[in-house]
Amino acid sequence: MNRKSYLLLMSPGLVLLLFFLVAPIIKILTTTVITPQGLSLSNYTKFFRDSYYMAIFVRTLKIAIVTTLFCALLGIPTAYFISLCGAQKKKILLSVSVFPLLTNSVIRSFAWINILGKNGVVNSLLLQLHLIKSPLNLLYTDFSITMGLIYLFLPLMIISLVGVMDNIDPSFMEAAESMGANRVRAFMKVIFPLSLSGIIVGSVLVFTGSLTAYTTPQLLGGNKHLVMSTFIYQKAMTIGDWTGASVIATVMIITTIIVIKLLNMLATKLDRREKDGN
Amino acid sequence: MATRKNTPLTIIAIIVFAFLILPLVIITITAFGGENTIVFPIKSFSLKWFANVFNSETFVTSFLLSLKLALLATVLALLVGIPAAYALARHWEKGNTFLKSFFLSPTLVPGIVLGFALFQFLIIILQIPLFIGLLLGHFLTVLPYIIRIVGASMEQVDISIEEVAWSLGCTKPKAFFKVVLPNISSGITSAFMLAFINSFNNIPVSMFLTGPGVSTLPTTLMNYIEYYYDPTVSAVSVILMLATIAIMYLVEKTLGIGALLG
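Sequence lines, in order, name chains F and Y.
Our numbering puts the first residue of the first sequence at 5, with every later residue one more than the last.
Our numbering puts the first residue of the second sequence at 2, with every later residue one more than the last.
Be aware that one or more of the hints could be misleading.
[Claimed, not checked] In silico BS3-like pairs for lysine-lysine, Cα to Cα no more than 27 Å straight-line:
#1 F:K95 x Y:K44
#2 Y:K44 x F:K122
#3 Y:K254 x F:K94
#4 F:K31 x F:K50
#5 Y:K175 x F:K8
#6 F:K93 x Y:K254
#7 Y:K95 x F:K8
#8 F:K8 x Y:K44
#9 F:K122 x Y:K49
#10 F:K8 x Y:K101
#11 Y:K101 x F:K31
For the record, the hints were derived by calculation from the structure and aren't laboratory data.
Taking the hints into account, I'd like the entire structure generated from these sequences.
Shown next, in the form of structure tokens:
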């Protein structure tokens, strides 16, 4: 293929991306650095000095970290369990894991409104058992957002891991066990290191996903427990502060890129260590 | 091998699968409740919420709009993405890696940010109709799926079979349609499914790009939940879940469930 047809085949995509992705984002960036006083980063220093903004920024990061940890904690054993199943059972369990991913996130968050709400499943159960006297405030908290996000992203972690664990030769475990390692130790020393690449891929997906999720924090966090993405919407649509919204948007893009770069660097480092035979 | 599945591991797996399934079961049950608000367990049985969905002009209109939007965005992304993926797979040149990451770059932009950027740029500044903005937003969201999945299946096609076609007198475009395209058809189907489902389900990109007369089903549901707490949304959920099960069944019968793992 010559250079001309190479570029010709790509040009429609390149043009659309330049006009409708790059240009709009550059427009956002420029609004944030062009101030009445000329070119300045004052909008950003204002953002990082404001305690209200910082509380939202930190909440977003905290929720994303906790979600990623729980998804890994629950996803690793589940994926390992699936990888040990026979072909037929594996197919069923994989379908059950994929199904939520293909189901609308409004539906999946709405389910948790039904579970955690004032008249929800958890509260009515606890009231009936006389464990509590009045309904607990479970909904519209950081807890409910985190719960909803774990529910949203756990299947993604499981699926990222099953692919990797399937490729691990089961005789490795047998070897470790025959050498006297107990099951847990053998798992930690054999399966865990060999699945690290999958764990990192899954963590990148879950972390960036929860960092930027909109639907779940909107439905389960309400207007008081804002995260970055719901904050942008409120800033732009309710308050009408477009520059403020653009600053949040830029901070979100940069945070996402930094996280992906850091985790990929970690992955390469671990990969190299593995190859060195340590 | 089954011996390795010890009890604690099995218990964790059972809890996790119960955690994944139970919320959806609860929604399904509440959709059939006769009460005017959501209660679980339901006290009487009724199909009125399903009737409510089909009689609601808002839900039906927004469902049709979502269908049209997902279809158009996916077809546009295939028309733009397949040639690009082909060029990326067949041409090894400096800059190829950069161009590939450029085509995948929409994934780096959070959906809500993309929607906001498009709203400001297209709707406010360029005064483009809302639906076109929405379509472009969804197109950008699904393009990386096409590039990734079609690109992966393109790399499986041996370049020599294409060269044979050329040497037998096929023109390059003809060789592409007669030799390459049939070989990547399952990749295209899989990309189509994932792109369609993701566009149909998307909310963050649509939030800024919907307005009077232009509303997708998910944004309509979001707005509905803010004002009402009745089983109508549960009924919509059941209908959508049934559609998802039907799609999964079809995919499993034709391509295998792996096609939806993306």
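Hints, one by one, checked against the model:
{"no.": "1", "hint": "F:K95 x Y:K44", "result": "violated, 36 Å"}
{"no.": "2", "hint": "Y:K44 x F:K122", "result": "holds, 18 Å"}
{"no.": "3", "hint": "Y:K254 x F:K94", "result": "holds, 16 Å"}
{"no.": "4", "hint": "F:K31 x F:K50", "result": "holds, 20 Å"}
{"no.": "5", "hint": "Y:K175 x F:K8", "result": "holds, 18 Å"}
{"no.": "6", "hint": "F:K93 x Y:K254", "result": "holds, 16 Å"}
{"no.": "7", "hint": "Y:K95 x F:K8", "result": "holds, 15 Å"}
{"no.": "8", "hint": "F:K8 x Y:K44", "result": "violated, 69 Å"}
{"no.": "9", "hint": "F:K122 x Y:K49", "result": "holds, 24 Å"}
{"no.": "10", "hint": "F:K8 x Y:K101", "result": "holds, 17 Å"}
{"no.": "11", "hint": "Y:K101 x F:K31", "result": "holds, 24 Å"}
Checked against the numbered hints given earlier, this structure breaks hints 1, 8; the rest are met.
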